[in-house]
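Chemist: Here are the chains, one letter per residue:
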Amino acid sequence: MDKRHIHETDLLIIGGGTAGCFAAITARRLAPDLRVLILEKAHIDRSGCLAGGMNAINAYINPGETVDSFVDYVRFDSMGIMREDLVRTQAELFSEVVRELEQMGLPIVKDENGQYSPRGRWNIKIHGESLKSILARKVVELGTTVLNRVVVTNLMLQDGAVTGAMGFGVRDEGFYVVKARKTIVATGGASGLYRPNNEGAARHKMWYSPFNTGAGYAIGIRAGAEMTSFEHRFIALRTKETLAPTGTLALGFGAPQVNAQGEEFMKKRWAQWGGEGAPTPIRLHAPMMEIEAGRGPCFMDTRHLTPDRVKKLKEAYLDMYPNTVLYWASSDIDPGRDPIEICGTEPYVVGGHCQAGYWVDPDRRTTLPNLLAAGDVAGGAPYKFVSGCFAEGKIAARTAIGEIRLESGPMAPLDLAQVHAEEDRVFSYLRSQTAQVSPEEFEERMQKVMDEYAGGIRTAYKMNEAGLSMAQEYLERLGGDLSRMKARDHHELMNAHEVVDRIDVARVLIAHLRARKETRWPGFQSRTDFPESDPQHFSLFVNSVRDPVTGETRILFRPLDGGPRLDQKGQTPKEVAHGHSN
Amino acid sequence: MGIRIDLNVCHGCVKLPEARCVMACPGDLIGIRKEDQKAFMRVQADCWDCYACVKPCPVGAVEVVLPYPVASENARLMPRVRRETIRWTLETIGAEPEFFDAPTRVPDDLIAESGGA
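First to last, the sequence lines map onto chains A and B. Taking my numbering as reference, the numbering of the first sequence is continuous, increasing by one, and the terminal residue is 582. Taking my numbering as reference, the numbering of the second sequence is continuous, increasing by one, and the terminal residue is 117.
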């Protein structure tokens, strides 16, 4: 029998990354008398998206801009689909959270007047190589209990309300049960659903953290939480091979996109969309179209940079994706002489760039009582990036603390049957005597299905109903095959649960992709069978709920103002059901 | 390849509760070998190249090596962190070394020189 650890806390935060750390800091400052506990899969010093560092805050209200102008911009960039209440509430906090970060010790680049140095309309430059460690130390200093190297595998539920979470220790191999009055899920989005750009020995050379595997989505999906906008996938325009952000090149160093003939195709062919300032999906779609027309490969043209500026460019990447500087040196690429080749990444599901995630209210409550969401797992609020994740962590923590203050009475007793069942499920992949398929093989199979049938790199992100329905069938088969998976140690057990989670996320993603019968975000969500946008019928949110008993995923539609669901009004599509649980 | 660990230099941070690189890796990819107390990489292909393990190593024993399908090994990039600065040294075959300095703010116990030895 594995050792069982039972903890009790007032506020549980699942995931000690960008949003989770800020939630903990806020909660401890607001309520030093309440207990706050973080469950973290890695070690909070260097976990999540910030492990390698960050060189800019990409959502900030610079001088001359307002919260209103930010909201308008996000609506333009997300092509009409977003929750204004969510975007607005986080934008109102950008200034406050960045100031707090500076007080914690983060170096922020300033101009000669001592003002933050803008990089484009919504960005400021930072030296965030140690941003994550700075945050983590504040979390600990304020008295948060942090349990590192614990993989959360499911929420604990009583009568539909969340009463905590369960998981296992990767290092100590124990089973963890945390009882909590309120829980904030802040685990980040999902990479690795699709076959990545690089394979084999280079498979984790990707942009989004390969360790963000959709656990936060999966535990909510399995518990019956309402999810939104999974079909608004994020496919990032990135530097070839090292998949580093191109915003550094475009905003920081004025590099336009060019094709193999040197044409600035954004200005030439996409001027009506905004040229170089077109919405993010279009900036990915346009080079894909150039390549399809035989005018690729495509590049960001950095050849105007002087040696001094090239050095500054390398310094900017060293604060965030150092391997890009190593790659340029290894491959004899000099940005002052050679344009930087670009590509699209694998499709990610992420609420911080696009808006896939939990359906939340303005206070970041999910549809499950006692559960809140913040950061990349929270939906409906695109363009949040690092500062928006901080803001959402702060909002969720305020809400949670407020609710804890209002509620009295004892915590629910532990439901031992639920604990036993989860413990059996968690360790089943270690204990199986007959299973032989490795988590790696399951991962490859899932990624192959998604890549080939659900709009991956292989089909230049394009998809249709026939392919999506095959993807769904294959994923269901894969889900039914999980008892064949074998983990040889606890590291592989973590990998096994990452695959289980990603299969659940991928199935919901497919249901969403099938439900939006239009092409709303060319490049990110290109339907060859519905190639145009259909604002009359699809200016709405595609949401889903998986029935925890039957495993059926039900699609529902909600209006853009976040109000009650649209019940087959007028031309609105009827709700549809997809798939069954195994 | 993900990282290379110089076993002649690595001492496994035996005086710390957990080796710096083992603690830092966001993917739980680094362990300490029982037989000689030196660090080892579990799955090279699962490395994200984030440098989280490289930066705090007290003896500079860890470096990132790009996998061959991505690039030949013609250069070496090593950081050196101090309390408020990070200096990167880029050594490229056939070229003069380059140095890059940036401000940072490293928690005291993670500064390379301060401990682990």
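Derived from the structure by calculation, the hints contain no laboratory data. Beta carbons: idealized from backbone N, C-alpha and C, even for Gly. A few of these clues could be false.
[What the hints assert, rightly or not] Below are the SDA-like pairs computed for lysine to any residue, each with C-alpha atoms no more than 25 Å apart in a straight line: (1) A/LYS311 <-> B/GLU63; (2) A/LYS311 <-> B/ARG82; (3) A/LYS240 <-> B/THR89; (4) A/LYS311 <-> B/GLN44; (5) A/LYS314 <-> B/THR85; (6) A/LYS110 <-> B/MET41; (7) A/LYS311 <-> A/GLU292; (8) A/LYS240 <-> B/ARG82; (9) A/LYS311 <-> B/ARG80; (10) A/LYS311 <-> B/SER72; (11) A/LYS486 <-> B/GLN44; (12) A/LYS240 <-> B/MET1; (13) A/LYS314 <-> B/VAL9.
[As the list claims (entries may be wrong)] Stretches of chain B that chain A covers, calculated by requiring three or more beta carbons in the stretch to come under 8 Å of a beta carbon on chain A: (14) 5 to 14; (15) 34 to 46; (16) 67 to 73.
Chemist: All the hints need checking, so say for each whether the structure fits it.
Modeler: Here is what the structure says about each hint:
1. A/LYS311 <-> B/GLU63: holds, 22 Å
2. A/LYS311 <-> B/ARG82: holds, 21 Å
3. A/LYS240 <-> B/THR89: This hinted pair holds, its Cα atoms lying about 23 Å apart.
4. A/LYS311 <-> B/GLN44: violated, 30 Å
5. A/LYS314 <-> B/THR85: holds, 16 Å
6. A/LYS110 <-> B/MET41: Cα-Cα ~40 Å, so violated.
7. A/LYS311 <-> A/GLU292: Answer violated: A/LYS311 to A/GLU292 is near 34 Å, above 25 Å.
8. A/LYS240 <-> B/ARG82: It is violated: about 32 Å lies between the C-alpha atoms, which goes past 25 Å.
9. A/LYS311 <-> B/ARG80: Holds, at about 18 Å.
10. A/LYS311 <-> B/SER72: Holds, because 22 Å separates the two Cα atoms, which is no more than 25 Å.
11. A/LYS486 <-> B/GLN44: Distance ~20 Å between A/LYS486 and B/GLN44 Cα, so the pair holds.
12. A/LYS240 <-> B/MET1: holds, 18 Å
13. A/LYS314 <-> B/VAL9: violated, 29 Å
14. 5 to 14: With 0 residues closer than 8 Å to chain A, the segment 5 to 14 of chain B misses the three-residue bar; violated.
15. 34 to 46: holds (count 4)
16. 67 to 73: Contact hint for the segment 67 to 73 of chain B vs chain A: holds, 7 residues under 8 Å.
Of the numbered hints stated above, those contradicted by the structure are hints 4, 6, 7, 8, 13, 14, listed in ascending order.
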